[in-house]
Each structure stands twice: as C-alpha cells, then as structure tokens.
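Peer 1: Since the structure of chain A is provided, determine the placement of chain B on it from the hints.
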Amino acid sequence: MSQFLQVVLSGLSTGSIYALAAVGFALVWQAAQTVNFAQGEFVMLPAFFALVAIHWFGWPLWAGFAFAMLASLAILGLAFKGLVVQPMMPDGGLPLVIATMAVSILLKESVKTFYGAEAQPFPSPLPDGTLQIGGAVISIRDLFDLLASLAVVGGLTLFLDRTRTGRQMQAAAQSPAVAEILGVDVARMTLYAFLVNAALAAFASFLVSPTYLAKFSNGESLGLVAFIAAIVGGFNRIRGALVGGLLVGVLDNLVATYVTQEYRAALPLVLLIAVILWRPQGLLGDAEGRTV
Amino acid sequence: MSSRRPLALIVAAVLLAVLLILPVGHGSYFIYLLCSWLMFTIAAMGLNLTLGYAGRISLAQASFMGVGAYTTAILTLHGWPWLAAAPVGVLLCFVVGLLLGFPALRVRGHFLAFVTLAFNTLFFLVARNEDWLTGGSYGLSDIPRPRIGPISADGQLAFYYFTLAVSALAILALWGIVRSPWGRAFKALRENEVRAESLGLDTRRITLLAFAIGSAFGGLAGAIEAPLVQYIEPNSFAVGESLKVLLMVVVGGLGDFWGPALGAAMVVLLPEALRGTRYYLIVYALFVIALMVLKPTGLMGIGKTFLARLAKSRAAAATEAKP
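Chains as they are written, first to last, in the working numbering: chain A, 1 to 292; chain B, 1001 to 1323.
Treat the hints loosely; a few may be bogus.
Which stretches of chain A does chain B cover? Using the computed rule of at least three CB atoms under 8 Å from a CB of chain B, they are [claimed, not checked]:
| id | segment |
| --- | --- |
| 1 | 82 to 88 |
| 2 | 98 to 106 |
| 3 | 126 to 137 |
| 4 | 189 to 202 |
| 5 | 261 to 274 |
Label pairs and their calculated CB-CB ranges [said to hold, decoys possible]:
| id | chain 1 | residue 1 | chain 2 | residue 2 | range |
| --- | --- | --- | --- | --- | --- |
| 6 | A | G58 | B | L1274 | 28 to 38 Å |
| 7 | A | A148 | B | L1098 | 40 to 50 Å |
| 8 | A | R167 | B | R1205 | 36 to 46 Å |
| 9 | A | L277 | B | S1137 | 22 to 32 Å |
| 10 | B | V1014 | A | Q120 | 18 to 28 Å |
| 11 | B | L1294 | A | Q132 | 36 to 46 Å |
| 12 | B | L1274 | A | Y115 | 13 to 23 Å |
| 13 | B | T1277 | A | A119 | 22 to 32 Å |
| 14 | B | V1194 | A | R162 | 56 to 66 Å |
| 15 | A | A74 | B | L1274 | 38 to 48 Å |
| 16 | B | Y1032 | A | K112 | 23 to 33 Å |
| 17 | A | L158 | B | V1194 | 55 to 65 Å |
I should point out that these hints are in silico values taken from the structure, not numbers from a laboratory. Ideal Cβ placement from N, Cα and C applies to all residues, glycine included.
Extracted from the complex, chain A is given alone in its bound form (with noise of 0.2 Å):
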C-alpha cells in the first residue's frame, strides 16, 4: 500500500510539471488555433537560458532565473508570435504545423551547437531531503513540484475567470469577431496567451530539470505527453488539461511499476486513442466552443 502510495505521489509530481507544459498548449490553441509542436523545447529551452546566465555570465541563481523568464517571455511568447504565428493567421493550417515543427528543430539543434549535447546539472534551490506520508517516501523537491505547479494553474484559473483581463482573453479566444466588437483588443489578447505559455513553459523547465537534468533532446516525450494530457483532459479546459497532465503522469508510474516496463510509452497513447474515438471533446471539455 505504501508502495502505492508514492508510486501515486511521484506520477501526480511528473503529472504537475506535464499539466503546466499542457495548459500553455491548451492556451495557445484557443487564442490563434496553434498546436505548438515545438512545445516539448518550449519547456527544454529556459534551462538553458539560466544556465547560460549562471555559467556563461557568472550571475547568481536567482538572477539566472530571472533571465531565463525574461528571455523566455521574449523569445518564446514575443518573437515565436511576432515571427513564425501573426503573419501565417489567421489561416495558419498545416503550413503553421510544419512551421512549428520547424521551430522545435531549430530550439533543439541551436541548444545542441552553441551550449552541448550532454546532459547538464541543473541548480535547485530546493534541499535534496525526502519526507515520510503514510508510510510513503517523497522527495521534497517532487512534493514542491506538485504544490507548485498546481499554485501556479489555480491562480491562472482564478486570473482567467475572475479579472477583466482573464475574461477578455476568453471571449477573445472563443469568438474573436464578437469580442471585437465589444471592444476586446482581440491581438493583444492573443498575445498574452503567447506569454503566458511562455512563462508556463519556463516555470515547467524550472521544475522538472533539477531532477531529469538539462538536455537538448529533453523537449521530444514531454511535447507527445502535453499533447496528450491537453486532449484527453479537454482542449477548451484550463482544468481540463491539469487533469489530463496529472491522470497521465500518475497512470505512466502505475503501468510502469504494476503492468510493464517495455511498454509503459503505450499507455498514454491508448489513453488518447480511447478518449479521441469516445469523448473527442476531453474528459472534461465540453462540446461547444470550437470545434476541431
């Protein structure tokens, strides 16, 4: 039982980490119909960004941060919505697809050139310990990772539904043309969208490279798993998708460790093939809103 337990514990951390990854994913289709397939090097990148600062220019950790959400914000919210997305809408369509894949070489081959192909310790600064629940052991770090991650969802939640501005991104995103005429500044709207992913995707790479370890190729399983945790959460549910990025973290741990190791990689697939040809809406999107 105990052993159930913190096999539960550990998937609902990885869980959190694909949830944030998962819930920029979600945001970005509904503000501009983007399915990001660069957003496993989304998360990748801002380690780097900080390690560059940290190693390259000799600032302190926290600074190291600071100039990775910053450079993330600019690169990845700014300039991948300035540059590859705005000019291809609004009918971006599969062009904007091969673009994004485009960009997620480019992310993962410039990190490879200019920084290195190995895996790099990552700084926490978070203590190593571990802590004892109902018999369970969990890392600090894995139980900070979850507390975290779902801080983070549940102020963008409270953000989107209760501020103004939350609320005009929604309209936004559900009917720009009525938005619109409502006076919502719709390209501004979007544009937060690409910001907030951005900074989702750097608080994510934050999080999980202490423990995986910073490397180029680190983005390719963890884009497959936000797609899959955005889909069969629901594509139009911020909650949707953190419930799809936990279900999946916590089933991986329990196939793994109770079915099979060889084809653990399996699971989340099934998941999704059963929840497209059943619910193609998620489990807790609804059908209205836009339709795919």
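Peer 2: What follows is chain B alone, placed relative to chain A:
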C-alpha cells in the same frame, strides 16, 4: 489543360532520361542518396494523396514504411523473392490503413493527426520490444537485394535502376489514380466536403480509400528501403521520420502532383549539401520556417508564381511590341 499534356509528357521523358544517366560515374554514396530520394518520393506522394488531395493529416506514414520494410525484410530473409514479398507488405499496409482509418477518420483535423501519431509511436514500441519478430532494437540485418530471374540488383547501380523502375511504375499508377473518378472525388472532398456529400459522394468511404492507398504507397517505399539499406531498425520508422515525410509534402507543395518529389529532394539532399557547415540543421530549420511564413504553398508555389510572372511579362512585352 489538354494542350499542356504533351508538354508534361516531354518533361517526364526528359526527367527520366536525366535520371537514367545521372548516377553513371558517381560514387556509391551519391547513388544511395538518389535511391533514398526516390524511396521518400514514393512515401511522400502517398501521403500527398491522403493529405493534399483528401485533406486529412496523417502522421503515421513512417509506420507504414515500417510495416512494408519489416514485412519485406522478414519474408526475403526467409527466402521469398522480393517480387513476392513486397506486394505482401504493400497489401498489408493497405489493410492496416483500412483498419486504422475506419475508426480514426471519424475525427478530423488535428485529432486525426494525433491518432495517427499515436499509432506511429505504438508501431515503434512493438518494433522495438518484440525481438522474436523484429529483432528488437538491434533490428534486422543482411537483407538480400532483389533478384528477378537471372538479373540481380546486387550492385549499387543495378539497385538504383531497379528502384527507378519501381518508382516510375508507382508514380504512373498514382497518376492514374489521381485522374480516375476516385481521384476527382478526393479533390472534391478537399475543396468542399459538404458540397461533395450533397452531390452524392460517400465521403467517408472515399477518405478511407485515399488513406489506405496512401498507406500502401508508404508500404512500397518501405519495401524499397529494406533492400536499399540492407539493415532496418525501429528508429528509421519513428515519429520523427513521419514528420520528415510530412515536411516533404508541405515544403514541395501540398496537393501538387510533383510537389513531393521536389520536397523529398530538398529534405534528403539539402542537409547533405549543407553538411560541411556545423550549423546545417539550424540553417535548414530557419529555411523551412521562412518558406512556410513567406510562401505556404511551398517550392512548387514559388515555381508557379515565377512562371506566371514570366508569362505575364512576356504577354505584356508582346502587346507592347504589336503597335
């Protein structure tokens, strides 16, 4: 359109002649690249049928290449001739395409992309884990080259001509399909699905057929890849490879018959041309981004715009010269 047909035939004949003499005197790596280009052209043309004509995104083309390659490899390693093994692989892809397409084509757009992506990953896992059948991550090696009667395609140049012949036949078959009533139905579907349906087309059956035929072409490409490389392993058929085939179709020009050939040339040959520099994949990615942002109709689109401009300026010059 009919007045242009002789021109198209002449272009095809010239192209074929060029391809016949191109590898003579070149090293075996160059010939390998040409074979690889032809193989990817077949795969991309098949995907173009699903994507460019029937308008459905599939990210599973590499897994169909895998089905074709593993089938051909396993059967020829058991002593079957290529001419018997390859059709089995192609047919298997057609059937798998039907089986996957039947439930998957209920959903559309990006959802279909993800279902096919998931299928590709599942195929990869099976290929890697089922050692008894696929050799696991070590793959299958010493795959024999085809032998037809007394003629063997063992040598690199002989194998190239064999690949060229198979590709020419495949492209001819595809040309026939595109111009058949089915092919016109595929196009009608892409342009306006509701209208196609109201005109009495069974859209679901047509899409399924396009998907299965496209998959079968993927299988044929795989059946060439197995004896070409003589060694196959799961990574050659991973999702990344499917994205590569997709890239060929879109970069070449979506829904354009010859687009995939151009796109495949770009994807296979350009990295080779840039290999000398350390930054070749970065340059390559930047090029693709720029192409998609500035000219989403791909290389064929650029060519057509250029030709149209040329014709226009010529016409303008002609009218100016008249009075």
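Peer 1: Against this structure, judge whether each hint is valid.
Peer 2: Hints versus structure:
no.: 1; hint: 82 to 88; verdict: holds (count 4)
no.: 2; hint: 98 to 106; verdict: holds (count 7)
no.: 3; hint: 126 to 137; verdict: violated (count 0)
no.: 4; hint: 189 to 202; verdict: violated (count 0)
no.: 5; hint: 261 to 274; verdict: holds (count 8)
no.: 6; hint: A:G58 / B:L1274: 28 to 38 Å; verdict: holds (35 Å)
no.: 7; hint: A:A148 / B:L1098: 40 to 50 Å; verdict: holds (47 Å)
no.: 8; hint: A:R167 / B:R1205: 36 to 46 Å; verdict: holds (45 Å)
no.: 9; hint: A:L277 / B:S1137: 22 to 32 Å; verdict: holds (30 Å)
no.: 10; hint: B:V1014 / A:Q120: 18 to 28 Å; verdict: violated (53 Å)
no.: 11; hint: B:L1294 / A:Q132: 36 to 46 Å; verdict: violated (59 Å)
no.: 12; hint: B:L1274 / A:Y115: 13 to 23 Å; verdict: holds (21 Å)
no.: 13; hint: B:T1277 / A:A119: 22 to 32 Å; verdict: holds (26 Å)
no.: 14; hint: B:V1194 / A:R162: 56 to 66 Å; verdict: violated (41 Å)
no.: 15; hint: A:A74 / B:L1274: 38 to 48 Å; verdict: violated (28 Å)
no.: 16; hint: B:Y1032 / A:K112: 23 to 33 Å; verdict: holds (26 Å)
no.: 17; hint: A:L158 / B:V1194: 55 to 65 Å; verdict: violated (41 Å)
Figure legend: structure checked against the earlier numbered hints; hints not met, in rising order: 3, 4, 10, 11, 14, 15 and 17.
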